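End of the sequence shown sits at 155 in our numbering; the numbers just go up one at a time, nothing left out.
Just so you know, these hints were derived from the structure itself, not from any lab.
Watch out, some of these pointers could steer you wrong.
As the list claims (entries may be wrong) - Taking lysine-lysine pairs in the DSBU-like style, the calculated list, with each CA pair at most 30 Å apart, reads: (1) Lys12 - Lys114; (2) Lys142 - Lys(-6); (3) Lys142 - Lys109; (4) Lys142 - Lys75.
As the list claims (entries may be wrong) - Per label pair, the in silico range of CB-to-CB distance: (5) Glu5 - Thr149: 39 to 45 Å; (6) Val54 - Thr149: 38 to 44 Å; (7) Asn127 - Thr90: 24 to 30 Å; (8) Pro71 - Lys(-6): 17 to 23 Å; (9) Ile147 - Ile11: 27 to 33 Å; (10) Glu72 - Glu15: 22 to 28 Å; (11) Thr153 - Ile11: 36 to 42 Å; (12) Met152 - Glu128: 15 to 21 Å; (13) Asp37 - Ile147: 30 to 36 Å; (14) Arg148 - Pro71: 28 to 34 Å; (15) Lys129 - Glu88: 37 to 43 Å; (16) Glu18 - Ser144: 19 to 25 Å.
Small disclaimer: the values here were computed from a predicted structure and weren't measured.
C-beta atoms are modelled at their ideal positions from N, C-alpha and C, and glycine is treated no differently.
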Amino acid sequence: MDDKIYILIVEDELEVMDALIKDLEEFESYFPVEAANNADEARDVIDYIIDHNHKIGLILCDHVLPGQNGVDLLIDLQNRPEAAKSKKVLVTGQAGHEDTILAINKADLDHYIAKPWTKEELEKVVVDELTDYVINNEKNLLTYMAILDTEKLSDTIRTNQMTDH
-9 MDDKIYILIV EDELEVMDAL IKDLEEFESY FPVEAANNAD EARDVIDYII
41 DHNHKIGLIL CDHVLPGQNG VDLLIDLQNR PEAAKSKKVL VTGQAGHEDT
91 ILAINKADLD HYIAKPWTKE ELEKVVVDEL TDYVINNEKN LLTYMAILDT
141 EKLSDTIRTN QMTDH
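Just need the whole structure built from these sequences, with the hints factored in.
Okay, structure coming up:
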């Protein structure tokens, strides 16, 4: 895998960020995890990843951030071609109903996780979202069989083989 697919965490509370990173450890060998404390730092991390010809597969973003809030950041990122394909998950206990609707409609939000989350809940969302991401953006799906949704990847591979003939 020359071009890596990253998971980006945007979270200003260090303890929460550390908990997310810890809960994502099993994905690290396939999907390196980067973290940012705020929207500006997130943009810098994305620029760095893109400048090195890698991709952002998943963005896990808090809503309440210093400066620009998470929903507005996700909306901005949806307008950047290199980030528009990324799966976007709002991880928060603070977003109101209207903020969440705005994120769904304007930022193409893929999932919402309420704080506090369980490790199992987070892992399921990450597997589901990254499986969809690789199916839509990668050619070699076999690479991800050990870590993502094997059944969904196998079905896609079979379907692709049938349509290729």
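Hints versus structure:
1. Proximity of Lys12 to Lys114 is assessed by CA-CA distance (about 15 Å); at most 30 Å being required, the pair is judged to hold.
2. Restraint check: the Cα-Cα separation between Lys142 and Lys(-6) comes to about 21 Å, which is no more than 30 Å; the hinted pair holds.
3. Proposed proximity of Lys142 and Lys109 is supported: the alpha carbons are some 22 Å apart, at most 30 Å.
4. For the suggested pair Lys142 and Lys75, the alpha carbons sit about 19 Å apart, so the restraint of at most 30 Å is met.
5. Remark: the range hint 39 to 45 Å for Glu5 to Thr149 is upheld by a beta-carbon distance near 43 Å.
6. In this structure the supplied range 38 to 44 Å holds for Val54 paired with Thr149, their Cβ-Cβ distance being about 41 Å.
7. The beta-carbon spacing between Asn127 and Thr90, approximately 26 Å, falls within the hinted interval of 24 to 30 Å.
8. In this structure the supplied range 17 to 23 Å holds for Pro71 paired with Lys(-6), their Cβ-Cβ distance being about 18 Å.
9. The given range of 27 to 33 Å is respected by Ile147 and Ile11, whose C-beta atoms sit roughly 31 Å from each other.
10. Remark: the range hint 22 to 28 Å for Glu72 to Glu15 is upheld by a beta-carbon distance near 26 Å.
11. The hinted range of 36 to 42 Å is satisfied by Thr153 and Ile11, whose Cβ atoms lie roughly 39 Å apart.
12. Checked against the given bound of 15 to 21 Å, the beta carbons of Met152 and Glu128, roughly 19 Å apart, stay inside it.
13. Range check, Asp37 to Ile147: Cβ separation about 33 Å, and the 30 to 36 Å hint holds.
14. The beta-carbon spacing between Arg148 and Pro71, approximately 31 Å, falls within the hinted interval of 28 to 34 Å.
15. Roughly 40 Å separates the CB atoms of Lys129 and Glu88, a value that falls within the hinted 37 to 43 Å.
16. Taking 19 to 25 Å as the suggested C-beta distance range, the pair Glu18 and Ser144 conforms, at roughly 24 Å.
When each numbered hint is compared with the structure, no violation occurs for any of them.
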